[in-house]
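> Counting from 1 along the sequence shown, just add 6 to a position and that's the residue number in this note's numbering.
In short, the hints are calculated from the structure, not lab data.
It is possible that some hints are incorrect.
[Claimed, not checked] Estimated spans, in silico, between C-beta atoms of each pair:
(1) E138 <-> I72: 25 to 35 angstroms
(2) Q133 <-> F184: 24 to 34 angstroms
(3) S145 <-> Q56: 29 to 39 angstroms
(4) R81 <-> Q133: 16 to 26 angstroms
(5) F70 <-> G210: 20 to 30 angstroms
Ideal Cβ placement from N, Cα and C applies to all residues, glycine included.
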Amino acid sequence: MSLSFPRFSFRPVRRDLLTLAVVVAISASARSSLADHYVVPTGSMLPTVQLDDHVIVDKLAYGFRIPLTRDYAVRFAAPARGDVVVLRSPDDGIVLLKRVVGVPGDDLRVVDGALTIDGRAMPIVEQDGGAEEQLGTVSHAISFEYGGGPDYGPVQLPADRFLVMGDNRGNSRDGRTFGLVTRDAILGKVEGVVVRHGAPTWVGLAE
7 MSLSFPRFSF
17 RPVRRDLLTL
27 AVVVAISASA
37 RSSLADHYVV
47 PTGSMLPTVQ
57 LDDHVIVDKL
67 AYGFRIPLTR
77 DYAVRFAAPA
87 RGDVVVLRSP
97 DDGIVLLKRV
107 VGVPGDDLRV
117 VDGALTIDGR
127 AMPIVEQDGG
137 AEEQLGTVSH
147 AISFEYGGGP
157 DYGPVQLPAD
167 RFLVMGDNRG
177 NSRDGRTFGL
187 VTRDAILGKV
197 EGVVVRHGAP
207 TWVGLAE
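Work out the full structure: start from the sequences and follow the hints.
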């Protein structure tokens with residue numbers, strides 16, 4: 007008596023694997039070039055962004071990058087003073103979330119956490135038990151709970167160089183420590199917080 011076994015085809019398996027590979031590639035390309043989601047690991051941007059917040063980042067805000075690379079195919083408007091951005095730290099490559107406080111051409115100085123740009127002090131006012139800073143058209147909360155952090159400058163920012171700082175001025179490792187960053191190091195603009203304290207929410211950050 008001979009035994010017979012059902013024939014097994016690898017074609018459906020190959021097809022499923024190919025479909026999965028395409029989905030993964032599309033997802034990776036989208037995260038690289040279009041939008042992404044990050045969980046905030048520190049309190050350096052308090053009170054604006056809190057520890058363990060989930061934020062959505064627009065990676066098309068400043069241009070379209072070639073998928074899976076750091077190179078721009080098309081550049082749009084440059085990061086603006088006041089934007090909350092994600093970037094790669096120039097000294098160790100870690101992805102950080104900070105605020106752009108200085109743009110190319112600015113004559114800038116930081117003393118006790120307060121900014122002076124082109125000879126004009128950026129206004130800081132006490133409001134609702136906290137402090138609020140005015141950066142051009144952008145008003146945002148800042149914290150001096152841990153002091154103002156290291157001083158910086160005076161310096162004139164050269165072309166394609168930006169200064170980023172945390173809103174928690176005395177508890178932020180930022181451009182005052184690792185220096186100015188290039189536009190290419192800035193990965194995208196933070197649009198808002200979508201999860202806070204484990205619950206869905208929406209806190210818009212983009213102007």
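> For each hint, tell me whether it holds in the structure or not.
Outcome of the hint check:
1. E138 <-> I72: 25 to 35 angstroms: Violated, at about 39 angstroms.
2. Q133 <-> F184: 24 to 34 angstroms: This hint holds: roughly 31 angstroms between Cβ atoms.
3. S145 <-> Q56: 29 to 39 angstroms: 19 angstroms, violated
4. R81 <-> Q133: 16 to 26 angstroms: Roughly 36 angstroms apart at Cβ, these two residues miss the hinted range, so it is violated.
5. F70 <-> G210: 20 to 30 angstroms: Hint holds: Cβ distance 23 angstroms, inside 20 to 30 angstroms.
Of the numbered hints listed earlier, those contradicted by the structure are 1, 3 and 4.
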